[in-house]
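The primary structure of each chain is shown beneath.
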Amino acid sequence: MGRYVIRRLLQFIPTVLGTMFLLHYITSLAIQFSGNPVRAMFGDRTPSPAQLQALTERLGYGDPCLSRKGDPCLWRVAADGNGWLGTSLEPGLFFDRLGNIFFRFDFGINLRQREVTDLVADAIPFTLKLLVIAIIFEAVVGIAAGVLAGLRGGSFLDYMVKISTVFIISVPIFVLGVVVREFVGVKFGNVLRGQDWVPDLISAGIFTPGFKADYPFASLIIPGMVLGAVSLATTARLTRTSIMENIRADYVRTAKAKGLTNKRVIGVHTLRNSLIPVITFLGVDIGAAMAGAVVTETIFNVPGIGRLVTFSARSGESSVVVGVVTMLVLVVLIANLLVDLLYAVLDPRIRYE
Amino acid sequence: MSTDVNVKLDALPGLDPNALPLEVKNLQVEFRTRNGIAHAVNGVSFDVRAGETRAILGESGCGKSVTAQAIMGILDSPPGFITGGEILYRGVDLLKLPEAQRRKVRANRIAMIFQDALSALNPVFTVGFQLAELFRKHRGMSRQDAKARAVELLDLVKIPAAKQRVNDYPHQFSGGMRQRVMIAMALALDPEVLIADEPTTALDVTVQAQIMALLAELQQERNMALVLITHDMGVVADVADRISVMYAGRVIEEAGVNDIYASPAHPYTKGLLESIPRLDLKGQELSAIKGLPPALTNIPPGCAFNPRCRYAQDVCRQNPGPPLYQVTPSRTSACHFWREVKGDE
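Chains as they are written, first to last, in the UniProt record's numbering: chain A, 1 to 353; chain B, 1 to 345.
Please note: incorrect hints may appear among the correct ones.
What the hints assert, rightly or not - Distance condition first, Cα-Cα at most 20 Å in a straight line; then the derived EDC-like pairs of lysine to aspartate or glutamate: (1) B:Lys137 with B:Glu99; (2) A:Lys263 with B:Asp76; (3) A:Lys263 with B:Glu99; (4) B:Lys158 with B:Glu99; (5) B:Lys104 with B:Glu217; (6) A:Lys69 with A:Glu57.
To be verified - Okay, the calculated bits of chain B under chain A, using three or more residues with CB under 8 Å as the criterion: (7) 103-114; (8) 132-143.
Hints are computed from structural coordinates only; laboratory data are not their basis. Here the structure is a predicted model, which means the values were calculated and not measured. The C-beta atom is built at its ideal place from N, Cα and C for all residues, glycine as well.
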């Protein structure tokens, strides 16, 4: 078990390095091809070359590799260097980044010279709240719907669950988000806001087109449900199939033959087995939900990690993108490891040696 | 070991302690599927006395297991429906009992062991939990007491180091040990009737013998009625007292074990016996029954066996099928030509 965990942790290293390099290269390419992001800070004004140079240097975009198109910024080019493959093997921008992040815990700064760690610290509570709402929503509603449908395969309820889940799965989250914002947040919200008897918490808090600082929890409920919707459909289908499979299993028949109540046959003997794949899915889904949060937070204007990534990517703040996404990658990897360990707890047949 | 079970079972209405522990009368079960109605059991009758072993013999798909599940009341319904007949436990028709009472009959009075113990035991609970559950739910025992009883049970079925093994999961046991656990589970609440559905099919031959010996020993100790469902003629010859041979959902021959082996009175039974490999016939071709059993959705008119039968004549292909002829006072055969088959005109 301990050895298994260590092996898994070691596997993190290439994964993290690989993702970091990809992000690093993509953001570097963006700067190389579309120009110095620092220029945007001056708006209409044209800075003097010296001014621009100084600020660029200070914000960490001064590396000469960032002006050579296609340079992966791996090695620093010696003064007499010709071509970006370089003539010396002195570590370049990428290795600086690695060193700063992993040895000095310095994730860099954004264009307004705020620490990336501070930005993340500000944004993460919103994303966490959003994730908790999404996961609870998809787990509770998804499992309940799946169990009900699975126990009565072929019934009206089963068909309802099947049809509605196909519908949700086939609508992309950015379409679903915009539609929900428009019809539930704006149109239906307006109707509610026109009624005196509806409390503000509901009319202005829950049914709003986007995040509101006055209702930091209520206004996240609908964005959270949108974020959880697709996984909810998957959870429901997975639970349904799993229940239908297990309800016919021999050990369920044994449980019946033992004269146990129906409640116990289903609730203990069937459910425990059926939920193993579902819980595994939900664990892995935490990672997917973080990715989904990028879209959902942007649509509903939630000041979380996802919106931070979107905005930084738009303004070319490579240090923010690399830093934040690296953190997300670590979170996903750790979540996956925990899920795998949980799997062994849920299913005694799984042993990690 | 059953003395500390002082809990009185709910009195069943009309319970007659002198009646047979299990009597099945004209049982009919059908499966309503999309491809039509499958007549899985078509009027099966048999009984079993305390301390006696009744074998139900037949090939796969002849309705043996469905009969067992119908007796236990664990038939998947839908698609399975019991459309007629009676299942009497000490004179009480189980089919007329409300579900709550029916449930208490299971494991307490009639218990069952299944073919493949690996899939019949729940993989995510320890063996101890699955055994103790019976005492906790049926006898209201505490977890600790129930666990102690579980250890006793594992001892009873001769599982070594029962105290440690009680905390193991089913996959940590060997095939034979798992079947012993199944037996322990079935015997936990001292049932009067035990239905064993192919208890040794998934095991290799040496383990088969051990399991059958254990079953026979426990049966004698407790004077239990045993219904042994199998397709293995060898197993039957060793342990059974009386045999019901099933074909296409009907009992086609019923007799004491010696009578059947000495002189089968139905062509199907005869075919089965001839298809057993014998040492003294080494080198000769093994005879087998030609053809396949009929699909239960489409049973041929008359005698269901007629397409495969070498004795068949026109009368066999006409409805109604052959009645149960009384061959001797204690044996019956559903064949018009039982005299010819038996070989004494």
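Hint by hint, here is what the structure shows:
{"no.": "1", "hint": "B:Lys137 with B:Glu99", "in the structure": "holds, 16 Å"}
{"no.": "2", "hint": "A:Lys263 with B:Asp76", "in the structure": "holds, 16 Å"}
{"no.": "3", "hint": "A:Lys263 with B:Glu99", "in the structure": "holds, 13 Å"}
{"no.": "4", "hint": "B:Lys158 with B:Glu99", "in the structure": "violated, 35 Å"}
{"no.": "5", "hint": "B:Lys104 with B:Glu217", "in the structure": "violated, 26 Å"}
{"no.": "6", "hint": "A:Lys69 with A:Glu57", "in the structure": "holds, 19 Å"}
{"no.": "7", "hint": "103-114", "in the structure": "holds (count 9)"}
{"no.": "8", "hint": "132-143", "in the structure": "holds (count 4)"}
Hint violations for this structure: numbers 4, 5, all remaining hints satisfied.
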